[in-house]
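Assemble the complex: chain A is given as a structure, and chain B must be docked to it using the hints.
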Amino acid sequence: MTSSLSLTVNDRPRTVSIEPHHTLLEVLRADLGLTGTKECCLVGECGACTVLVDGRSVDSCLVLAVEANGSEVVTVEGLALAGALNSLQQAFLDHGAAQCGFCIPGQLMAARALLETSPRPSRAEVEDGLAGNLCRCAGYEQIIEAVLDAAERDAAPTAARSPDRGAAAEADPAATPDANLAPQ
Amino acid sequence: MTGRAGADPSGGRGHEPDIGGSPNRVGGIGRVTGRQQYVADIPLDDALHVKLVTVDAPRARIGFIDKAAALRVPGVHLVMTPDDLPRPMPRFGPQFRDRPVLAVGETKFHGDPVAAVAAETLDAAEEGARQVHVAWEPLPAVTTLDGSLAAGAPLVQDPELRPDDPFAGTNVLREHRYGWGDIEAAAADVHVVVEGTYEFPMVTQFAIEPHAYVAAPDGGGIAVWSATQHPNWLQRVLATILGLPLARVRVLSPDPGGAFGGKQHAKYEPLLAFMALRAGRPVRLVLTLEETFQAVRRGAARVHVRSGFRDDGRLAFREIDADYLIGAYADIADRTVAKGSYTSAGPYAIPAVRIRARSVLSHTVPSTAFRGFGNPQQIWAVESNMDEASRVLGIYPVELRLRNLANRGETFIPGDTPADGIWTEAVERAARRIGWGSPAPAGHGRGIAVGLKSGPTTGLSHATVRLLADGSVVVYSGTSDMGQGARTIFAQIAAHELGAPLDWVTVVMGDTAVVPYDQQTSASRSSVIMGNAVLAACRDVQAKVRAMAASLEDVPAEAIVVEAGRVRLPGRELPIRDVLARGLGRLGGEVTGLGEGRKEADPEHPLGGTAAFYEFNCTAVEVSVDEATGDITVHRYVTVSDVGRALNAAQVRGQDEGAAIMGLGHTLMERLLLDADGRIRNLGAIDYKIPTTLDLPASIESEVVENGDGPGPYGAKGMSEGALLPVAPAIAAAVRDATGVVIRDLPLSPERVWRALRERDAEAVR
Chain A
1 MTSSLSLTVN
11 DRPRTVSIEP
21 HHTLLEVLRA
31 DLGLTGTKEC
41 CLVGECGACT
51 VLVDGRSVDS
61 CLVLAVEANG
71 SEVVTVEGLA
81 LAGALNSLQQ
91 AFLDHGAAQC
101 GFCIPGQLMA
111 ARALLETSPR
121 PSRAEVEDGL
131 AGNLCRCAGY
141 EQIIEAVLDA
151 AERDAAPTAA
161 RSPDRGAAAE
171 ADPAATPDAN
181 LAPQ
Chain B
1 MTGRAGADPS
11 GGRGHEPDIG
21 GSPNRVGGIG
31 RVTGRQQYVA
41 DIPLDDALHV
51 KLVTVDAPRA
61 RIGFIDKAAA
71 LRVPGVHLVM
81 TPDDLPRPMP
91 RFGPQFRDRP
101 VLAVGETKFH
111 GDPVAAVAAE
121 TLDAAEEGAR
131 QVHVAWEPLP
141 AVTTLDGSLA
151 AGAPLVQDPE
161 LRPDDPFAGT
171 NVLREHRYGW
181 GDIEAAAADV
191 HVVVEGTYEF
201 PMVTQFAIEP
211 HAYVAAPDGG
221 GIAVWSATQH
231 PNWLQRVLAT
241 ILGLPLARVR
251 VLSPDPGGAF
261 GGKQHAKYEP
271 LLAFMALRAG
281 RPVRLVLTLE
291 ETFQAVRRGA
301 ARVHVRSGFR
311 DDGRLAFREI
321 DADYLIGAYA
331 DIADRTVAKG
341 SYTSAGPYAI
351 PAVRIRARSV
361 LSHTVPSTAF
371 RGFGNPQQIW
381 AVESNMDEAS
391 RVLGIYPVEL
401 RLRNLANRGE
411 TFIPGDTPAD
421 GIWTEAVERA
431 ARRIGWGSPA
441 PAGHGRGIAV
451 GLKSGPTTGL
461 SHATVRLLAD
471 GSVVVYSGTS
481 DMGQGARTIF
491 AQIAAHELGA
501 PLDWVTVVMG
511 DTAVVPYDQQ
521 TSASRSSVIM
531 GNAVLAACRD
541 VQAKVRAMAA
551 SLEDVPAEAI
561 VVEAGRVRLP
571 GRELPIRDVL
581 ARGLGRLGGE
591 VTGLGEGRKE
601 ADPEHPLGGT
611 AAFYEFNCTA
621 VEVSVDEATG
631 DITVHRYVTV
641 SDVGRALNAA
651 QVRGQDEGAA
661 IMGLGHTLME
671 RLLLDADGRI
681 RNLGAIDYKI
691 PTTLDLPASI
701 ESEVVENGDG
711 PGPYGAKGMS
721 EGALLPVAPA
731 IAAAVRDATG
741 VVIRDLPLSP
751 ERVWRALRER
761 DAEAVR
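Residue numbers (my numbering), protein chains in the order written: chain A, 1 to 184; chain B, 1 to 766.
Bear in mind the hints are in silico, worked out from the structure with no lab data behind them. Keep in mind that a hint or two might mislead.
[What the hints assert, rightly or not] Output of the computed footprint for chain A on chain B, the stretches with three or more beta carbons under 8 Å from beta carbons of chain A: (1) 34–42; (2) 367–378; (3) 656–669.
[Stated by the list, open to error] Estimated spans, in silico, between C-beta atoms of each pair: (4) B:Asp158 <-> A:His21: 52 to 58 Å; (5) B:His605 <-> A:Ala131: 25 to 31 Å; (6) B:Gly415 <-> A:Ala131: 48 to 54 Å.
[Stated by the list, open to error] Pulled from the structure, derived: some chain A residues nowhere near chain B, Cβ distances all over 12 Å: (7) Pro13; (8) His22; (9) Glu45; (10) Ser71; (11) Gln107; (12) Ala113; (13) Arg136; (14) Ala156.
This one's a predicted model, so the numbers in the text were calculated from it and none came from an experiment. Cβ coordinates follow ideal geometry from the N, Cα and C atoms, glycine included.
Just chain A, with the same shape it has in the complex:
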C-alpha cells in the first residue's frame, strides 16, 4: 500500500511512490538517494537529519513524508550553488568545523535556518540555534566560529568577501574575552 508524494527537493520537483508510514528522512535517503542527510537517533534529539521544510529546520526523522507533500525541501545537497560552496559551507571548511563530518549536514541546515531568521546572530543565538545538533567530535567552537563568520561574509559587500581565515581561531580569548562575539 503505497501513496504518491510530490514535493520539491533542492529546487527539483519530485514525485515518488512511498510507504505512508515512512519518514521524510527515509524517503530522502532511500527513495531519492539523497544520503547527505544523516540518520542517528531517530527520536529528534541529535539533529543529524535536519533539513529545511518550507524554510523551517526540522528533524526529518520526526516528519512523516506524507506531511511534506507539496513542500519545498532543502537538504545539504541543495546548499552549494552550481558547484560552488555557499558561505556557510566555505566557512565550515575554512574553520575546520567538520571533523568526522557526520553531523555536519545537520549543523549546516540548522545554521542556514538560523541565518535566515537572524542574519547577524550573536554567539549566544548561534549556541541556541545549534543546541539540537549533537557533535561528538565536539568541534562546537569551530562550528560556532564558522557560523558567525558566514554571517559576516554574507553581510559584507561582495567585493570584501574574501575569507578572513583563522582570525577567530587565532584570537587570544584571555586578552580579548569578547573575541568570539560577532560585531553588532
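Chain B alone, transformed into the frame defined by chain A:
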C-alpha cells in the same frame, strides 16, 4: 599554505611552511556538501536489510528459536540462527576468542543477538525480527563489581574458554600487577598518607554515526564494508573465521563518522559475512543508536589510591588498586585495563609504586576501547588524590605537581621510555593562563590536573607514495580517517616532501585490496607511525629522483640533496617536478616509493612494548557552583597538550578541544544506568545526554607545547586523547575550591553536587 618550501638552511619552521599550518581538511569538501559516503550511504544493488533479534534480559537461557512465522513475512529471505552457523560456534575477539557470531544457548548481555533476519526491505526485516519466536527464560545476572566478585556469583564466561587460567573459575578475566621500589620502606618515612576510593561509571562512545556493516559475496571470497578503525585486523578475523585466505577477504572501510575507540574491533561483521555467503547476496545492517549503546561502552571502574608524601611534598610511594567492570565478552577491554594501569601512578618520579588492577567480567555490554583507553578512570582517582594531598600538605596543587613531575629524559617507570617532554612547561603555561596565584572572582573556584597516557607500544604501518608524471602525488595508507584528520596530515607530509601543492595530493584509504598493511588506527598513533611510513615513502621517491638528477646532470649522487620538494645540485637548485619530467623520459610513467613505520615490540615488557611516546596534558579550569541546584558552570577552560610538533594547528585544536568537551560529558552528565534486572534504562539520545552547544565552557583556550621531541615526522607526538584524561579531576578540584566539597564519584551531576553540598551544610551544623 601548501608546500612551496624555500631552502632555509637553519632548518627552522620557516623551512617547512606547510607543516604546522592549517590548510583546509583533505576530504572537507565532501563533508560540507553531504557527498562524503559513510557505510550506510553506500548504494548496493540487490542488498538485503538485516535486523537483529534480541531478548529483553541481561542474561537468558535460549531454547527453541521458531523461524516459521518470520519466514512467512513477505520479503523475508533468511532467518539466521545459531543452527545455521558452523558448530562449534565460531568465536572471535582480539584478546580472547570468546565472542560467538550469535549467542548460543545463553545470552550474556542486554542486546546480545540470538538471531538475525534478512529481508528485501528494512520494514520486512523489522517485522520478520518481531516474528522470530524465541523461547527464553531469564537467568541470574551479575551487572556490578560487587555482584561479579561475590562468592558463588554466576560465571559470565565458560571456564573452558581458558582452561589453564587460574582465574577461569571466577569472573576475574585477568589481574595485572606492576610496580617498583620498596613500598614498606618508603612508607616508614613519610609525612602524610592520603587515600581514597573513586568511582567512574559506564559511559558510551555515542559516535553520531551508528555502526553499520555491509557484506557481499565477492567471487570466491567476501567483501565487507565497515566503518572500522582496524581494516587489516578485521580482514584477519574474517579470514580466520571463514577459512579464507587474506587475499580473498576485502575490507572496505569508508571514513568512520566518529569512532572514539568504539569501532576498533569486529562486532557484527562476522555475522554479516556468514549471512551474505548463505544468502548469496549483499546484506546490510545499520544499527540504531540504541543498538550501538548495546554494542560498545567504556569500562566502569572503582579505584583505590593511597599515596605517601614527604614533608616537602615529594611523593614517597603510591599504591593503586583498581577494578574495572568489563562486559560479557572481553573484546579489547582487558588491554584497556592493563594499559590504563601500567602508567596510572602518573607522570611523576616516585621511588616506590605498587599497582594492581583486575578486569571483572559481567553480564553487561562488552566494554572496549574509548578515547583514553582505560586511563581516564585511574587518572580521575590519582589526580583527585593529588588535589586532596595538596590541601593536607598545604602545598598549592600546581606546586605539588611541579615538585613531582619527571624531568625530560628521566626514567619514571623503570624499563619504559623515559619522560619525553618538558611536562612542567605545560603545567606552568596552564597555570599562568588560568591566572593561578591571583584571586579567583568571588564564588569561583579553580582546579588543575594532569594526564599521562602511553602511546602505542607496538606498531607497523606501510605506505606507498606515487609521484605521477606531472608532479602530483597519490598516497596509499591503511589508516582510518575518523575525524582526527589523518588524511590531511599525510597529504601535508607528501606535499611538503615532494613539492606538490596540497590539492595535487590524493590520499587513498579504506580498502585492503588497494592500500598496504597498517596494524591499526588507535592510541593516537597515526600521525607518528603512519606519518613516518608516508615520510619514508616520500624519502624513497626522493632517492629515486636523486638518482635521476645524477644521471641527467652527470653529477655524483652524493653531491645532490633532495628535500622539501627541491633538488639541490652543486651551485643550483631545481624543483623535483622539473627533474621528474626529464628523468621519466619518453615513456613517461611515474616514481613509486615504499615506506614503513615501526614501533618494535619488546616481549619482556609487561605491555609487550615500551611507549612510542607519551601523551601529556595539563588542564586548568575555573568554575562556580549554584548552591541551590548543584549545577556547575565552567567559566574558563584551559588545556595545554605537549604535542611535540603540531603538524596541523587547526586540527590539533579541534582534537584538543573536542577531547576536552567530550571529557566534560563524562565529568558532568554521562552515565549508563541499569535497572534492577541489569537492562540499560537510558538507552538512546533522549535519556543519555552528551554535551551540546549549551554545555560549553564560557571560554575554552587550547595551547600546545612544541619542543619537537616526538618520534613522529618533524618531531610530532600523538595528541588526540591527552586533553580528555584530566578533565574530571580538574573540574572536581575546582568544585572543591569553590565549595569545599570533595566528590569521589562521577558524573558531577547537579543532584550529586547538591547532595554533597547539603551534607557539607549538615556537618557544619553538627
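For this session: Would you list, in rising numerical order, the hints stated earlier that this structure does not obey?
Result: 2, 4, 5, 8, 9, 11, 13
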